[in-house]
Every structure is written in structure tokens, then in C-alpha cells.
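**Student:** Chains as they are written, first to last, in this note's numbering: chain A, 129 to 384; chain B, 296 to 481.
The hints are simulated quantities; they were obtained by calculation from the structure and are not laboratory data. Ideal Cβ positions, reconstructed from N, Cα and C, are used throughout, including at glycine. Treat the hints with care, since some could be wrong.
Claimed, not checked - Estimated spans, in silico, between C-beta atoms of each pair:
no., chain 1, residue 1, chain 2, residue 2, range
1, B, Glu409, A, Glu271, 45 to 51 Å
2, A, Ile317, B, Gly447, 52 to 58 Å
3, A, Ser337, B, Pro312, 27 to 33 Å
4, B, Cys471, A, Arg279, 24 to 30 Å
5, B, Asp351, A, Glu212, 57 to 63 Å
6, A, Asp309, B, Arg313, 35 to 41 Å
7, A, Arg279, B, Pro330, 47 to 53 Å
8, B, Thr324, A, Gln383, 48 to 54 Å
9, A, Pro347, B, Thr440, 54 to 60 Å
10, A, Asp132, B, Asp351, 25 to 31 Å
11, B, Phe414, A, Pro161, 45 to 51 Å
12, B, Gly447, A, Ala350, 54 to 60 Å
13, B, Ala382, A, Ala196, 39 to 45 Å
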Amino acid sequence: MNRDEQLFDYLLRIADSDLVLAQRLGEWVGHGPVLEEDIALTNVGLDLLGQARLWYAYAGEVETRFAARGRCEDELALLRDASEFRNLLLVERPNGNYADTIARQFYFDVWHRLFLFQLSRSGDARVGEIAAKALKEVRYHVERSADWVIRLGDGTDESHAKMQAAVDELWMYTGEMFESDATDQALTIAGIGCDASALAHPWREQLSSILSEATLTLPTGAWMQSGGKRGVHTEQLGHLLAEMQWLQRAYPGAQW
Amino acid sequence: MAATRLSGGAMVIAAQPRQVQNAIDSIWTTLAAIPDPEIPVISIVELGIVRDIEFDNGEVVVTVTPTYSGCPATEVIAAEIERALVACGLERFRVQIRLHPAWTTDWIAPAARERLRAFGIAPPGERAPQQTVDVSRLRRSSIATIACPRCGSSRTRELSRFGSTPCKAQYRCEDCLEPFDYFKPH
Ligand SMILES: [Zn+2]
């Protein structure tokens, strides 16, 4: 892969994670435990969807540098199959109960903010400005996730047990966020991307401070799932895409 | 020499600096009459999202910086601007999106803040926090006191960080007991 192909792939990884998580959060619409939470989840999902659009739009422009044409954001989001998606496995995990949704969001948000902060200083001006904009929004996401982890962890016996089970269950999907493959390394050296492995330490520090305030135990398992960045996904992503993409698949080019 | 038709049918010759400036001023005035689609008591100019108006080879270029990435109003606003420019008789124009520097509530005009309050929305503080600097902290160090836009009481409580639109949070006043929206500093 040349530099532009690597950048395209890198942008898809970011956009796909945002989009898939936005779709998961959208599944909560009308099912939130209270009205305020229904609205909050939708707002976070909307932010992520908006960010995904900015990344896809740029990816499409980068694609024109090495392909016959660049795909538009709708084509990238709605006409690729699961094996072409580059999102983290974490974000495709099903919503589960509310603690599961909060644990997934918390793991992602803490990482997302650290990641965007690094990207906001990217040598690629466009990457930098999208990241800087997204970073302002993600601040609210991470504050809310952390508040909920504490509220449920340091809550009743039942909420504590569910929150602990959720952070334990999803733990094996967190390793992927800090994996650095050839694309990550090439773009880090070029001053465009960020060193994924360098985020592991601050992520863990912030995590453990919130988990301890929540009276929860930081999971210790060393075995981690991997594959999202290479397009190797769990079957859950296929179900999610089937629902998200069916309209464009059934009626190609349909518009509102 | 680029010529552009403005409201009233006057032809403005865009090569003359003063006339260009007059034309630009006139467009600012036109756009200042477009209400924000979600908070109609303030205009899109007062909201601070119209960043620049300039002539580029006789073409009017309006630069807009969206509030939040996912704000559904962004496309409506761009369409409203185009409609207003057409109504002015302009034929050559484009609306471009600029992301950097990112929009901040610091750009909301002072007069608009008071109108927000009168409308029942507590306005954002004067200065938004500089959140891009310190990512080592996760949680808010302190929670600012937000005065109730109805009775002015400072005994208010946050119900949710997220409200009816991405830019607002939900609060409740402990004195008059009314819920209200708070325009989050951003
Ligand atoms: Zn009150």
C-alpha cells in the first residue's frame, strides 16, 4: 500500500468505529431506562454519526488520489460488506443490559478522547481539524460514561454486580485499541497518525481511577480479541449492517 | 470585471473596493435576518456560525462553521443561506464549510445571550473551558452555578448533560420547580 492507500484505510478505521457505535446507540431509541438517558444516548450517537461523516468525506477525497474515483460517504457507509469494515470489535458488541452499554461506551470514550487529542496535532491539516472538532464533543461523552460507571458501580448490590460483569465481559475487546500494525506505524512515522500503543498507559490510568471510585475491580485478563482493523469481525457486525444497509441495498440510490 | 446583482436591483461592480465592502455588508445584514432553525430567537450570525463573506472572482463565498459535527440543522442552514442569496438576486455564490477553528459558544453575540435567557434557555458562560489542553483529567473539576432563566434562582440542578439538541443540557430549578435548557459552553 502506498501512503494514500494507508491513509484511506486509517480514516475508514476511525469512521467505521464511529458509525457502528452510533448505530448501536440508535438501537436504544425508545428503549432507554428513562427519557433523559434515551435522549443522551441518541445525542452521543448523533455526535459520532456526524464525526463519521467528516471522516468518510475525507476518506472519499483521499481515495481519488489512487483509485479511478472516490466514493461518497453514503457509498462508504452503506455499500460495503462486513469484511470491508475496519471498526474495533468493541463497538460492534450488542447493547446487552444498560451496564453493558455503559461499559462499552466508557472503554471507548476514554480511548477515543486520548486518540483524538493525539490526532488533533496531526501533520495532516484535515485530520487535525476534524479531530479537534470531535474532541470537544467527546469530552461530554466521557464525562457522562464515567458518571454512570460510578453511579452503577457504587450503587446497589445488583447494579454493582451487573457493572462488574459488564467491564469483565468486554475487557477482551479492549486490547485492539492499542495494537499498532504496519498502517499505524507508517502513519505515525509520517506524523499523520498516532502511536496506538502509547495510549495504553494513560487509558489504563484513567480507567483504574474511575473504576476504583466506582468500587469496581479492574479486569486483569491478558488474552485479547483482535481482527477489526483487518476486517475480521464477529457475526454481530453482519446483523448490524443488514439492518443499517438494507434500504440502500434494496433500493440503490434511494434518497429522502 | 465581476458584476453582481443585489437586492433592489442595484448592480454592484465588484472591482471597486468600497462597493465590494458595501455589497458584503449588505449580505451580512441579509444573513443576520435568518433565524437559527432550532432556536429561532437568535440569528445564524449571532450564533457565530457565519465566519466570513467574501468575493472570489465575482462569486460570493459564505463560510460557515458548524456547531456540532452531527447537528442536523447544518444542512438546513446552508439551504437557508442559499435561498436568501437567491432572493437578493445573487446568481454566483457558494456556501463552504470550515471546520477550523472549531465553533465555540464564545462566538455567540452578547445581545443574543440575553435573548436566549428571555426565551427560557440559560445562556452559556462568557468563556468556554479550554478542554483541548488537559486530557489527563476525566471529570469536571467543578460544576458552575447556572441561574434559572425564569426566576433567576441559583438553586438549580443538572438533570442530564444532553438535551433536546446537541448544544443543550437539561436543568431544573429547585425554587420555581420548572425544568429549563442550558446552552452548554463548548
Ligand atoms: Zn426558577
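**Student:** Would you mind marking each hint as holding or not holding in the structure?
**Tutor:** A quick look at each hint next to the structure:
1. B/Glu409 to A/Glu271: 45 to 51 Å: 28 Å, violated
2. A/Ile317 to B/Gly447: 52 to 58 Å: 57 Å, holds
3. A/Ser337 to B/Pro312: 27 to 33 Å: 58 Å, violated
4. B/Cys471 to A/Arg279: 24 to 30 Å: 27 Å, holds
5. B/Asp351 to A/Glu212: 57 to 63 Å: At roughly 38 Å between Cβ atoms, A/Glu212 and B/Asp351 fall outside 57 to 63 Å, so the hint is violated.
6. A/Asp309 to B/Arg313: 35 to 41 Å: This hint is violated: roughly 59 Å between Cβ atoms.
7. A/Arg279 to B/Pro330: 47 to 53 Å: About 38 Å separates the Cβ atoms of A/Arg279 and B/Pro330, which means 47 to 53 Å is violated.
8. B/Thr324 to A/Gln383: 48 to 54 Å: 34 Å, violated
9. A/Pro347 to B/Thr440: 54 to 60 Å: 38 Å, violated
10. A/Asp132 to B/Asp351: 25 to 31 Å: Holds: the Cβ-Cβ distance is about 28 Å, inside 25 to 31 Å.
11. B/Phe414 to A/Pro161: 45 to 51 Å: The hint (45 to 51 Å, Cβ to Cβ) is violated, given that B/Phe414 and A/Pro161 are roughly 30 Å apart.
12. B/Gly447 to A/Ala350: 54 to 60 Å: Once the Cβ atoms are compared, 56 Å apart, the range 54 to 60 Å for A/Ala350 and B/Gly447 holds.
13. B/Ala382 to A/Ala196: 39 to 45 Å: 40 Å, holds
Figure legend: structure checked against the earlier numbered hints; hints not met, in rising order: 1, 3, 5, 6, 7, 8, 9 and 11.
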